[in-house]
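Take a look at the letters that make up each chain.
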Amino acid sequence: MSDKPARAIKLNVINEPKDSYTGGPSSLCPGCGHDQISNVIVNAAWENGIKPHRIAKMSGIGCSSKTPAYYLGQSHGFNTVHGRMPSVTTGAYAINKDLLYLGVSGDGDSASIGIGQLIHAIRRNMDMVYIVENNGVYGLTKGQYSATADVGSKKKKGKANETQPIDLCALAINLGCTFVARSFSGSKKQLTSLLKAAMSHKGFALIDVISPCVTFNNNDESMRSYQYVKDNEITLHMADYIPHFEPMAEVEVPEGHYTDITLHDGSTIRLETISANHDPGDSMAALTALHEAEVGKKHVTGLLYFDASKPSLAEDLGLVETPLLDVSDEELRPSKAMLDTINQEFLNQ
Amino acid sequence: MDTIANDFTINIATANGTGSQSANLILLQSLFDMGVPVSGKNLFPSNISGLPTWYIVRLSDEGYQAPGDRTHIQVLVNKATWADDLAALEPGSVVIWNMDSKMPMDREDVVSYPVPMTKLARTLSPKLAKLVTNIVYVGVLAELLGITDEALHKAVAGQFKGKASAIELNTTALELGRNYAKENFTKGDPYVVEPRAIEQKRFFMEGNEAVALGCIFGGVQLLAWYPITPSSSLAEGIIGWLPRLRTNDEGESTCAVIQAEDELAAAGMVLGAGWAGGRGMTATSGPGISLMQEFIGLAYFAEIPSVFWDVNRVGPSTGLPTRTQQSDLSMLYEGSHGDTQHIVIIPGTVEECFEFGWKAFDISERYQTPVFGLSDLDLGMNRWACEGFTYPDAPMDRGKTIREQDVFDAMENFGRYRDVDGDGIPYRTLPGSGMAPILYRGTGHNPDGVYSEKPHDYFALMKRLKDKINGARDHLPEPLLREEIEGDVGVIYYGSMENTIQEIDDILEATGLKVSQCRVRSLPLHSEVESFIRRHRMTIVLEINRDGQLWGILRRELPNDIVGNVHSVAYSDGMPPRARIYAEKILETIKEVSQ
Numbered sequence: 001m002s003d004k005p006a007r008a009i010k011l012n013v014i015n016e017p018k019d020s021y022t023g024g025p026s027s028l029c030p031g032c033g034h035d036q037i038s039n040v041i042v043n044a045a046w047e048n049g050i051k052p053h054r055i056a057k058m059s060g061i062g063c064s065s066k067t068p069a070y071y072l073g074q075s076h077g078f079n080t081v082h083g084r085m086p087s088v089t090t091g092a093y094a095i096n097k098d099l100l101y102l103g104v105s106g107d108g109d110s111a112s113i114g115i116g117q118l119i120h121a122i123r124r125n126m127d128m129v130y131i132v133e134n135n136g137v138y139g140l141t142k143g144q145y146s147a148t149a150d151v152g153s154k155k156k157k158g159k160a161n162e163t164q165p166i167d168l169c170a171l172a173i174n175l176g177c178t179f180v181a182r183s184f185s186g187s188k189k190q191l192t193s194l195l196k197a198a199m200s201h202k203g204f205a206l207i208d209v210i211s212p213c214v215t216f217n218n219n220d221e222s223m224r225s226y227q228y229v230k231d232n233e234i235t236l237h238m239a240d241y242i243p244h245f246e247p248m249a250e251v252e253v254p255e256g257h258y259t260d261i262t263l264h265d266g267s268t269i270r271l272e273t274i275s276a277n278h279d280p281g282d283s284m285a286a287l288t289a290l291h292e293a294e295v296g297k298k299h300v301t302g303l304l305y306f307d308a309s310k311p312s313l314a315e316d317l318g319l320v321e322t323p324l325l326d327v328s329d330e331e332l333r334p335s336k337a338m339l340d341t342i343n344q345e346f347l348n349q
Numbered sequence: 001m002d003t004i005a006n007d008f009t010i011n012i013a014t015a016n017g018t019g020s021q022s023a024n025l026i027l028l029q030s031l032f033d034m035g036v037p038v039s040g041k042n043l044f045p046s047n048i049s050g051l052p053t054w055y056i057v058r059l060s061d062e063g064y065q066a067p068g069d070r071t072h073i074q075v076l077v078n079k080a081t082w083a084d085d086l087a088a089l090e091p092g093s094v095v096i097w098n099m100d101s102k103m104p105m106d107r108e109d110v111v112s113y114p115v116p117m118t119k120l121a122r123t124l125s126p127k128l129a130k131l132v133t134n135i136v137y138v139g140v141l142a143e144l145l146g147i148t149d150e151a152l153h154k155a156v157a158g159q160f161k162g163k164a165s166a167i168e169l170n171t172t173a174l175e176l177g178r179n180y181a182k183e184n185f186t187k188g189d190p191y192v193v194e195p196r197a198i199e200q201k202r203f204f205m206e207g208n209e210a211v212a213l214g215c216i217f218g219g220v221q222l223l224a225w226y227p228i229t230p231s232s233s234l235a236e237g238i239i240g241w242l243p244r245l246r247t248n249d250e251g252e253s254t255c256a257v258i259q260a261e262d263e264l265a266a267a268g269m270v271l272g273a274g275w276a277g278g279r280g281m282t283a284t285s286g287p288g289i290s291l292m293q294e295f296i297g298l299a300y301f302a303e304i305p306s307v308f309w310d311v312n313r314v315g316p317s318t319g320l321p322t323r324t325q326q327s328d329l330s331m332l333y334e335g336s337h338g339d340t341q342h343i344v345i346i347p348g349t350v351e352e353c354f355e356f357g358w359k360a361f362d363i364s365e366r367y368q369t370p371v372f373g374l375s376d377l378d379l380g381m382n383r384w385a386c387e388g389f390t391y392p393d394a395p396m397d398r399g400k401t402i403r404e405q406d407v408f409d410a411m412e413n414f415g416r417y418r419d420v421d422g423d424g425i426p427y428r429t430l431p432g433s434g435m436a437p438i439l440y441r442g443t444g445h446n447p448d449g450v451y452s453e454k455p456h457d458y459f460a461l462m463k464r465l466k467d468k469i470n471g472a473r474d475h476l477p478e479p480l481l482r483e484e485i486e487g488d489v490g491v492i493y494y495g496s497m498e499n500t501i502q503e504i505d506d507i508l509e510a511t512g513l514k515v516s517q518c519r520v521r522s523l524p525l526h527s528e529v530e531s532f533i534r535r536h537r538m539t540i541v542l543e544i545n546r547d548g549q550l551w552g553i554l555r556r557e558l559p560n561d562i563v564g565n566v567h568s569v570a571y572s573d574g575m576p577p578r579a580r581i582y583a584e585k586i587l588e589t590i591k592e593v594s595q
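Chains as they are written, first to last, in my numbering: chain A, 1 to 349; chain B, 1 to 595.
No wet-lab data here; the hints were simulated from the structure.
It is possible that part of the hints are untrue.
What the hints assert, rightly or not - From the structure, some residues in chain B lie toward chain A, with a derived Cβ separation under 8 Å:
no.: 1; residue: I216
no.: 2; residue: A256
no.: 3; residue: A265
no.: 4; residue: G268
no.: 5; residue: F389
Positions of the beta carbon are idealized from the N, C-alpha and C atoms, including for glycine.
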């Protein structure tokens with residue numbers, strides 16, 4: 001028996017412990033970057049003080065899409081079909097627009113089979129957070145290249161990838177996506193900050209998270225290996241996020257300074273604030289930064305583009321204020337008198 | 001000459017996009033308003049402008065609504081099909097033709113009425129001559145057949161609601177046609193229209209619009225759709241009615257409408273709506289259902305309410321997009337990979353289109369499973385006489401959805417997929433409620449909704465799903481029977497065949513064969529269908545497809561001792577069913593089987 005007083009459990013702004021936001025044990029490969037992202041999701045939701053049951057966890061198929069079982073155990077979720085999570089989310093949103101829709105997807109899901117649904121969800125400015133856990137590889141089917149694999153990436157076996165990759169951030173910016181960010185699964189602080197901001201965004205928020213596959217994509221020649229990313233990441237300024245319920249908690253990385261982050265495997269990553277002057281409202285600057293990073297074979301991270309002015313899908317649908325879920329059956333079914341009137345009108349036409 | 005009143009078929013050959021459809025609808029409506037039992041079939045191409053289109057108007061005091069065996073009066077306007085249309089006519093037929101088309105009129109054995117349609121139209125409006133030409137032939141027909149001005153004017157007013165200039169133009173064009181016929185022709189054919197007393201007032205209605213209205217009275221909350229012939233007018237029907245029926249004074253709606261990027265997305269949205277606790281639906285045709293297969297399996301396995309309307313067109317593949325068929329039945333019944341079985345409801349009249357429109361949501365929420373409404377192009381896009389719609393006889397059935405915490409707290413042993421009541425239907429809680437959250441999935445799961453690959457979990461789940469759908473059989477729309485006491489032959493049919501069955505029956509009866517009829521209105525089959533088969537020595541399953549899809553389902557599901565008594569008559573050439581073809585095939589089959 002210890003005579004030390006029990007340590008008070010830390011609560012968030014709605015008096016919930018972090019345990020209220022955790023999920024089941026992960027069945028991914030030990031050391032998988034995706035698990036770090038799951039932890040970030042737990043942290044961001046807890047720190048933002050969102051009621052866990054008011055979050056809807058959405059995913060498609062693949063390693064990334066299995067992760068909703070590993071976080072937010074008090075939230076309903078839907079592990080849908082491959083690449084089609086955006087449409088299911090859109091339908092759910094039409095019925096209950098008051099939930100926070102948190103989608104997790106992979107590069108197979110989002111850049112190949114589901115690229116059409118991703119594009120159209122962006123086009124509708126659907127209110128949701130859409131995290132791509134991007135490793136350039138199909139993990140569950142044991143290591144085929146995905147459409148985000150960089151040219152020259154080499155698998156442990158077989159020939160190098162010669163097909164042009166799809167940059168989801170550039171695609172999203174071109175489509176007018178209203179929140180576009182890139183991060184790294186090892187950059188917990190930056191990712192948490194971006195995710196907290198994305199959760200408060202009204203509209204479609206895309207966060208493309210480079211999340212190296214420890215099993216199939218972690219040889220040094222792969223451009224999404226830990227070693228490669230560690231050596232080549234450049235960071236746009238971190239998103240300064242202001243939760244609505246607490247004063248500004250700035251994450252400051254002054255110009256010219258750098259910050260070392262320790263990854264799960266003990267290695268460190270240096271995040272440089274090389275573009276503190278980047279204006280997230282400037283889509284051309286964002287595209288230029290992406291282009292320059294691509295030319296320089298680097299990954300630029302941070303909040304790339306942001307636009308709060310566009311109406312989101314909710315406004316476009318023109319629905320009643322109450323979520324449709326809570327509209328009574330009596331309101332949903334027109335009256336008998338109305339049907340009688342319609343019948344009469346037809347008979348008299 | 002003896003006259004033939006209200007018992008003939010008019011075939012009007014025009015080109016698509018020339019405005020002939022509104023002229024033909026004026027003809028149809030004016031006959032209808034005179035009390036003449038009449039039906040119209042639009043045989044249109046998959047094209048916006050220029051390709052051949054035919055409109056078949058059948059007048060029948062017997063009430064026959066099929067296109068009939070032959071054309072009695074041919075209107076020839078389209079040069080492209082001129083020779084074929086002319087060659088197909090039986091001697092003695094009537095031909096009303098456009099002299100200005102400079103096409104040969106080389107049949108001596110027909111009653112010929114040449115009309116300078118284009119010239120007459122030009123005198124009225126050189127710019128709109130093509131359009132006016134169509135209304136001119138309606139005027140000619142009116143004079144030759146005896147359609148009253150009163151009926152015509154009412155139909156014109158109805159067609160061009162309030163548009164004074166259009167009403168005037170069309171009325172004048174009708175007069176041009178009528179006067180030309182009056183001054184130049186002596187009646188040389190027997191066909192006349194006789195007004196009939198209207199006992200039961202009715203109106204024309206397309207099946208698609210009736211389904212649309214039904215869905216609105218069913219409380220639809222999300223329509224997610226992708227345009228496809230012949231279902232687009234169903235979705236557009238809903239969109240058209242929403243402002244009046246489901247929108248408040250601020251212009252805010254209680255039904256979301258999303259035109260999806262494809263049918264896959266439309267299906268996904270419907271599932272999302274059902275998962276969230278709402279009433280979501282889509283309207284599509286066979287190719288769309290093909291694309292939706294993956295989601296259909298997910299809805300079945302994860303038990304998500306979802307409503308799919310399939311307005312069947314001719315397949316396979318793109319097929320004949322503007323022709324009719326009953327060929328999606330087996331795809332709907334067993335949609336998606338793996339062992340599945342789905343509820344299908346099949347209206348045969350526009351009144352049922354409305355009824356099944358609202359009922360589909362109740363059934364889907366009750367059984368937590370996808371429900372398919374199966375209509376077809378013939379029922380959906382043609383106009384049918386309708387007596388009016390009946391208001392739902394019960395409040396909405398929202399199924400076993402727990403919405404209140406105290407109800408949930410009172411439940412023992414809750415599990416999203418636990419069969420608490422022994423009917424195979426589990427209870428569910430909704431996202432956002434905080435009650436018993438689970439991660440829905442298309443992977444194997446145990447009664448608590450947790451991922452499982454255990455053999456007994458999988459086996460029990462699949463058995464429960466089967467039991468659940470089986471349990472729905474006798475709660476779905478029951479078959480409608482017309483039984484002959486002395487009849488030993490039964491005929492099973494479904495859907496739009498309802499509009500041809502009476503004529504088939506009369507043809508059979510003229511040969512001395514009396515048959516009983518059983519119109520199936522849902523799958524899985526009601527137990528009454530088996531009883532019907534048992535009461536007859538022999539049963540014919542009549543379908544508008546090649547392979548006899550319902551017959552196939554019956555063969556698999558009926559007990560062995562009666563399987564051999566059930567025979568298929570399936571035929572489809574893309575045209576709406578013509579009674580004589582089916583009647584003859586029934587007779588042939590009976591003969592073959594009896595040998």
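Each hint, compared with the structure:
no., hint, in the structure
1, I216, "holds, 7 Å"
2, A256, "holds, 4 Å"
3, A265, "holds, 4 Å"
4, G268, "holds, 3 Å"
5, F389, "holds, 6 Å"
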